[in-house]
Structure formats: structure tokens, C-alpha cells
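Visitor: Using the sequences and the hints, build the whole thing.
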Amino acid sequence: MNTKSCYDRILGIVCSVFDAYSAVLITPDTTGRGFAVAGSFSLGDQVNTGAQFIPGKGLVGWILSNQAPMLVNDFDTRQYHLGYYVNNEESKIKAFMGVSLKNGTGALCLDSKRQYSFSGKDQKILQLFADLVYEVQSSSCLAEERVNLGRHYNCLQLVYGLRKRHKNWTKFLEQFLGLMAETSGFGYCSFASRDEAGNNYYIEDETQPLSQEEPKAIPYGSGLVGWVFKNGKPVFSSASDSGAQSSPLYGKTTAHPGFQSVVCLPLTIGRITRGVLVFASETPKEISEELKVFCQMASEHLALFLENLYLRSRLHEAAQQMHLLQQASAPRTTDAAEPEFEFTSSSQEESA
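The numbering of the sequence shown is this note's numbering, which starts it at 1241 and goes up by one.
Any given hint might turn out to be false.
[Claimed, not checked] Pairs of lysine-lysine residues, derived as DSSO-like cross-links and limited to a Cα-Cα distance of at most 30 Å, are as follows:
(1) Lys1332 x Lys1244
(2) Lys1411 x Lys1532
(3) Lys1334 x Lys1364
(4) Lys1532 x Lys1473
(5) Lys1473 x Lys1411
(6) Lys1532 x Lys1244
(7) Lys1297 x Lys1334
(8) Lys1244 x Lys1364
(9) Lys1334 x Lys1353
(10) Lys1456 x Lys1470
(11) Lys1297 x Lys1342
(12) Lys1342 x Lys1353
(13) Lys1456 x Lys1473
(14) Lys1332 x Lys1364
(15) Lys1492 x Lys1411
(16) Lys1492 x Lys1456
Bear in mind the hints are in silico, worked out from the structure with no lab data behind them. Remember, predicted model here, so these are calculated numbers, not experimental data.
Guide: What follows is the structure in C-alpha cells.
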């Protein structure tokens, strides 16, 4: 039985126990800014399952805001407003009772078409049902967290194996970003790297191209990604936190579809932020602590991989310089071997 089915069964029992007209469960919506109907049971079919609630507005909002119970046995629509009915069904309600779920995680509401249907004792019993709903809610969240942790762990295992399967940086990055998008739930992932002079940065690869144009230089410091390059600090931005859309990822130089939730993580190599790993979603997405940890672990793995390329590139440069010196004194000296990897920016061709 899934969580919603469990809610509906509990609400059906609540309605039967109190001989009520409707029982409605309100929990946080997907944006994290408000609350919505998570389940309902009614003797009619007028419950608005898409209703939204803001703490402080209406009877339901008062319960959510104050995390306290409410009992109205002489319901008058001129004074009170429920907000979870359609087609003027609310005008037929004569009594209402509601209690808060623990930790402000929602409200359990009950109403009747008969006046003086509920008592203080009923309210205490309803609170017991609310506590039961909270336990179901907590168990569901815990189970989902365990599933996510398992998925994150499996993804990191796959990422670890990518380096052995792909010795070409471009192919590795393409596979890496695909895994990140699939596992994290963000619709867009990308990797940006700066040029050696630190004047510009480039989008090396992305899961969904924001532009049909060829990759071009983006001024250093532009957009959220530029801010991360400049400050070397991560960004975790969600519309559910502030109620506002995040800033453009790459400034005004590239198309911006209106990302609502963004994670930008700096990759520091040789004490310089040389890359930024980006996760973005066009819909509001909760950035939980376990998701933050996963994104950071993935970025650290990518940073280690890039540092390996960077060090090999430096060794290759040193070998070439040594070769030139040896060639000047002994022209017949054999050439130095090419390295397996080469650290490059998107503005240069890489070696396989």
C-alpha cells in the first residue's frame, strides 16, 4: 500500500468514527512554500484536491500557522473560510474541527453538515489520529530517504568505474553528466571550465544544450557560475527557499529557461577554481541534506579526476621542456612519450 492509499484509509476511518461529512489531510506542497491536499474522504464529491493553503489565511491557515487545534461548532461562512471545497459546497458546512500535525508538517481537518457535531473530547481523539498520520508520514519519508541513499551510492560506484572504461575526457564527461542528471533528479547538468588566463570560462558539456550556437567564451564572473568561479564557494539555490527565481546561470550571454532550483559546485585544482559542476531544474526542487552530500561527493570525485589530468599535463609539459634541452645538446635523443591524458579547456582540442 502506498502512502496516499494509507492516508485515504485513515481518513475514511476518521469520517466513520466521528460521523462526519469530510475528512481532509493538508501537508506541504512540492514547492515547500505552501500546503496542499494530500488526501481526503468525503460523503460527497466536492473536495478540491488541488486546493492550496498559505499559513495564516483561513481556518486551515490558522491551524498551520499556530500549530494549534481549532473547533467551530456553529460554522458561518461570513466569518470562516475552509478553502478545500468547490461549487459552493462550503456553505452547507455547519461544524468544523481541525488539529495540527507534529512539527508543523500539516493539518488534519474534519467537518459536518450538522451543528454542534464535535466536542473537546472529540478533538483529543482527532489529535491521536493526526499523530498516527504523522507516523505514516515520517515512515514514508524515511523509506524514501533510504531509497535515495541507495541510488546515490550505486551512482557513485558507476562514476568510479567510468575512469577505467573511458580514457577520453570528452566521453567520460558526457557519461558523468548523464549519470548526475538521472540520479539527482535535476533536468539539467553541465560542467564549465575557465581558460588559463582566467578571463573567460566555457561550457564544456551539458545534458541539454541551452543554445544551438557553438560554445563561446563567457566573461569571468558572469552569472551564478561566474560567481562560483570568482569566489570559490558553492551555491545551493531553490525557489522554495526564497519564493523567487534564481539568477541566470551564465549571465546574459546565453539563453536561460528560468531555472528554479540550482546547485553550483566549485572544483579546485592547484588552489584555483578551474571548473564548476552545475545541477539545475526548471521546476522548484527541494535540495535536501542527503542530496547536497551526493552532489558534493560527485564533484569531489570529478575534481580528483581533473587534478590527475592536470598533473599529467604539467608532467608532459616538463618532459617536453626537458626534451628540448636534451635535443639542443644531443640531437639524436629519443622523443619523450605522450601522456595518456591531457588537461585542456573547451577552447582547445584534447588528446585521447
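Visitor: Determine for every hint whether it applies to the structure shown.
Guide: Against the structure, the hints:
| no. | hint | verdict |
| --- | --- | --- |
| 1 | Lys1332 x Lys1244 | holds, 27 Å |
| 2 | Lys1411 x Lys1532 | holds, 25 Å |
| 3 | Lys1334 x Lys1364 | holds, 20 Å |
| 4 | Lys1532 x Lys1473 | holds, 14 Å |
| 5 | Lys1473 x Lys1411 | holds, 27 Å |
| 6 | Lys1532 x Lys1244 | holds, 27 Å |
| 7 | Lys1297 x Lys1334 | holds, 20 Å |
| 8 | Lys1244 x Lys1364 | holds, 24 Å |
| 9 | Lys1334 x Lys1353 | holds, 5 Å |
| 10 | Lys1456 x Lys1470 | holds, 19 Å |
| 11 | Lys1297 x Lys1342 | holds, 20 Å |
| 12 | Lys1342 x Lys1353 | holds, 28 Å |
| 13 | Lys1456 x Lys1473 | holds, 24 Å |
| 14 | Lys1332 x Lys1364 | holds, 25 Å |
| 15 | Lys1492 x Lys1411 | holds, 29 Å |
| 16 | Lys1492 x Lys1456 | holds, 13 Å |
Checked against the numbered hints above, the structure breaks none of them.
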